[in-house]
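Colleague: Protein chains in written order, with the numbering used here: chain L, 1 to 413; chain H, 1 to 140.
Derived from the structure by calculation, the hints contain no laboratory data. Don't take every hint at face value.
What the hints assert, rightly or not - Going by beta-carbon spacing under 10 Å, a handful of chain H positions derived as facing chain L: (1) D34; (2) P62; (3) A64; (4) G67; (5) G99; (6) A100; (7) V101; (8) E109; (9) S112; (10) R139.
Virtual Cβ for every residue (Gly too), placed ideally from N, Cα, C.
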Amino acid sequence: MRLTAHEQAMLDGRHGAAASDALRYQIEVGRFWGAGRFVPITNAHMMGDIEVMGDAGLDWLRGACEKRAHCSIPITTNARCIDFAFAERLGQDPAEATKERTIIRLLREMNVVTTDTCINYQTIYQPHLGEHVAWGDTGTVIYANSVFGARSNFEAGPAAFAAALTGRTPEYGFHLDEHRKGTLVVRLSAQLDDLADWGAVGKIVGERHQNYFAVPVFAGMRRAPNSDELKHLGAALASYGSMAMFHMVGVTPEAPSLERALGGNRPVDEIVIDDAALERVYAGYDLRDRSASLVVFSGPQLSLLEMKSLGGMFRGRKLHPGTHAFVTTSHGVKSAARELGYLQDLEAAGATVLEGVCFYILQNLSQMRVRNGWTNMISNSAKIVNIIGAHRFNTILRRTRDCVEIACTGRLQ
Amino acid sequence: MTAPLATILVARACGPAVEGEAVLSSEGFSPRYDLDRWSGVITKPGHKLEGTNIRDKILFFPTAKGGIAAGWAFFDIKHKGIAPRALVFGVTNPVMVQGAVFADLTITEGWSPHPAEVLHTGDWVRVDPARKVIELLRRA
Numbered sequence: 001m002r003l004t005a006h007e008q009a010m011l012d013g014r015h016g017a018a019a020s021d022a023l024r025y026q027i028e029v030g031r032f033w034g035a036g037r038f039v040p041i042t043n044a045h046m047m048g049d050i051e052v053m054g055d056a057g058l059d060w061l062r063g064a065c066e067k068r069a070h071c072s073i074p075i076t077t078n079a080r081c082i083d084f085a086f087a088e089r090l091g092q093d094p095a096e097a098t099k100e101r102t103i104i105r106l107l108r109e110m111n112v113v114t115t116d117t118c119i120n121y122q123t124i125y126q127p128h129l130g131e132h133v134a135w136g137d138t139g140t141v142i143y144a145n146s147v148f149g150a151r152s153n154f155e156a157g158p159a160a161f162a163a164a165l166t167g168r169t170p171e172y173g174f175h176l177d178e179h180r181k182g183t184l185v186v187r188l189s190a191q192l193d194d195l196a197d198w199g200a201v202g203k204i205v206g207e208r209h210q211n212y213f214a215v216p217v218f219a220g221m222r223r224a225p226n227s228d229e230l231k232h233l234g235a236a237l238a239s240y241g242s243m244a245m246f247h248m249v250g251v252t253p254e255a256p257s258l259e260r261a262l263g264g265n266r267p268v269d270e271i272v273i274d275d276a277a278l279e280r281v282y283a284g285y286d287l288r289d290r291s292a293s294l295v296v297f298s299g300p301q302l303s304l305l306e307m308k309s310l311g312g313m314f315r316g317r318k319l320h321p322g323t324h325a326f327v328t329t330s331h332g333v334k335s336a337a338r339e340l341g342y343l344q345d346l347e348a349a350g351a352t353v354l355e356g357v358c359f360y361i362l363q364n365l366s367q368m369r370v371r372n373g374w375t376n377m378i379s380n381s382a383k384i385v386n387i388i389g390a391h392r393f394n395t396i397l398r399r400t401r402d403c404v405e406i407a408c409t410g411r412l413q
Numbered sequence: 001m002t003a004p005l006a007t008i009l010v011a012r013a014c015g016p017a018v019e020g021e022a023v024l025s026s027e028g029f030s031p032r033y034d035l036d037r038w039s040g041v042i043t044k045p046g047h048k049l050e051g052t053n054i055r056d057k058i059l060f061f062p063t064a065k066g067g068i069a070a071g072w073a074f075f076d077i078k079h080k081g082i083a084p085r086a087l088v089f090g091v092t093n094p095v096m097v098q099g100a101v102f103a104d105l106t107i108t109e110g111w112s113p114h115p116a117e118v119l120h121t122g123d124w125v126r127v128d129p130a131r132k133v134i135e136l137l138r139r140a
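Just need the whole structure built from these sequences, with the hints factored in.
Modeller: Below is the structure:
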């Protein structure tokens, strides 16, 4: 990789040992992908919680802090694994909770803004067209690339952190024009009235094209989706297909027309998604013992408008005895939802509303599943239905209103 | 050193040269979605390798699934002593590479010929990133 004089000085240790280590690591990653140089970034977003980092990651973070690592550009944190107000009630390990607090302290010492949200793009920072950033989780990346026209690869925790230390990231993948052109076409003739429907679209397309460099172009929608619908579509594409970008003709900034979105590429596939295709998705789940004891609204965290809508559906109702319903959102959204009364609607029904976390990464989740006798997990999030498998849940995607009905009646159909 | 029984060329590679027992999967992989990161066993119900322990194996996956978690997860499982020796992908994503580099695990992408044409699970192979080759050393 070609280095500027500034980057060479950084590599030589003139900006501290932590920045030098970070740049060396980034060079190795860049070399793998054939990056020719670095590109400056303005914002980073990192995953860093004890569930995924483990003791080794925590020790590494301590080491970085001892080397006086200091992030040079704004960096925020993704959802974490413990909401401290609920840790005891959920049976989470107190020793792990202490470690989680240590991680938060260390990150703050290194100039990280611990926002604990996977919807930074809705609540914290909206990069503009062409702006280079270094984001993870995957849902944040696909939203940045697709909806804002910003430029990011999937950046894992250590990679986003390194990018914030050095203020740059290797130029490969979605930082380059050549990878941002559409590679396949998806015609949407289905009604798509629910968040789960948009997630189901992501599942259909993502399962068929598991490829980071596949870029679907959506066309023919009956209406333009809103931010939360785009969020569920993107999160599902990223989850099922490991995809980092999509276009939507007339909706996303790099797709004024189908031709422009394809940029001269001949599509490798053309998919039509109609109402029947969506119904096949919903009919495709094994209901096992028909247990309806766990309903989850999470992954990604809910926006304020989702909280309002969901609160309205639960208003005046009660969870079926023995059923648990979980909602996760950011600190800021939960606070606003409390002010506006949406939180009270959810809590009065018996739902547990967690902040700063996502359900699938909760510390001790497997043990929680066993202790509560949960078998099925029902959700309106196609992403979480896909991602939670290692914890041995049987997962079922249902529309939002159906999820509420299942939670309140205990009947799974 | 005896001549390899078969050779696979890879497009991109990094990490140390390693040898180990091959495990071939027809399904993709994510350490978050599929792996119990405390035992090293693939636990996702229905995964093509469900029940397989990945410790010290050379893993062949057609694709990468998801997911940001690999960045920390490979480092974590390496320090728990349950990491594979190498990850061999048909198509991978940046997170797998960022995670493998961070944990000093060997990783490759792109293959010719397809491993299933020349290898079986249980065969002993060597992955050499510097030469961008995977060599079959012993049949199972």
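Colleague: Check each numbered hint against the structure and report the violated ones by number, ascending.
Modeller: Hint check: 9 and 10 fail, others pass.
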